[in-house]
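2 protein chains.
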Amino acid sequence: MSGSVIIVLLGLLFNSIASQASPCSINGFPLVRNISDLPLDNYGRPGLSHVTLAGSVLHGMKEIEVWLQNFAPGSCTPIHRHSCEEVFVVLRGNGTLYLAAESHGKYPGTPQAYPIFGNSTFAIPVNDAHQVCNTHNLEDLQMLVVISRPPAKVFIYEDWLMPHTAAKLKFPYYWDEPCIQSSVKDEL
Amino acid sequence: MSGSVIIVLLGLLFNSIASQASPCSINGFPLVRNISDLPLDNYGRPGLSHVTLAGSVLHGMKEIEVWLQNFAPGSCTPIHRHSCEEVFVVLRGNGTLYLAAESHGKYPGTPQAYPIFGNSTFAIPVNDAHQVCNTHNLEDLQMLVVISRPPAKVFIYEDWLMPHTAAKLKFPYYWDEPCIQSSVKDEL
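Taken in order, these protein sequences are the chains called A and B. Going left to right, the first sequence walks through residues 19 to 206 as our numbering numbers them. Going left to right, the second sequence walks through residues 19 to 206 as our numbering numbers them.
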């Protein structure tokens, strides 16, 4: 008797786990999603809060992916480049976009610095090495970020003098890592 | 002498006009743009305020386009469909997404209604007829909208019972109309 109780309880437990929305399921989210209900994480990057609002791996998007990101004071993206288009919309805060616009040299070189601020927007020229930093002392920097052709295929530079050919492909990217499927990797 | 003064003044005037950012020039905007400086218009649609933050026609985007839109109480998008992906991020306000998810019939039919609200996000399934309305009595509905493969190629329905084959292509779309180039039309 106690054995069948355990089996029933185990069955209920597994059933309960299975009916929960998987964090990696493209069917685990309603059509209209409350952003506060979506998974929020720093994915191992201090100062970052990242939410994928509409993504390839999470939601089956094929052409665009939208993120909501928050950078604490002093935190930055890596120095990186990608061949997809990328648009930022700064919702609040202040920071700096570093952009090495001359991608024909052997390495990015000293980037130009552009102030970014709440209610500003900018698009990154494809394949140009860039970095976005919260350069404010106190306030968070909150941005909506849109990329094309997800999931993100990103080449990371250790510094601005690293040759383009030495920049290292980071795939899957931080937030895709927990859920990326081998079939997606194969399509790269 | 007075003749050459006039010529110099005319020269300065034309030079000044030429150096102003054309509203249709892909080179007329700085890299980081203050959203308040971008052209805002209703493009003939009562209750709408539309700003293209990063666009194909205005800024040379090829894969994604980002809009900031405000809908006054009672105002709506047309009932429409498109084969590109589209993501909405609701910044503030409340409204309703009407979606005719079954696109295999001859016409959209009665749509499902989904409440949308500040801090919510949703993606429109490609080719499904849909309409977004501000169904609130008092507050504006403000949204960021992202589409793929710009400029937008949109089929408009007069009502939910209009056959898919009768929906009319609106190209260029409202905000692209003042600036669309014939070369872009040829690529459609």
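Simulated from the structure, these hints should not be mistaken for laboratory data. In this text, all values refer to a predicted model and were calculated from it rather than measured experimentally. Take these hints with a grain of salt, some might be off.
Derived DSSO-like pairs (lysine-lysine); straight-line CA-CA distance at most 27 Å [stated by the list, open to error]: (1) Lys171(B) with Lys188(B); (2) Lys171(A) with Lys124(A); (3) Lys188(A) with Lys171(B); (4) Lys186(B) with Lys171(A).
Broken hints, numbered, in rising order? 3 and 4
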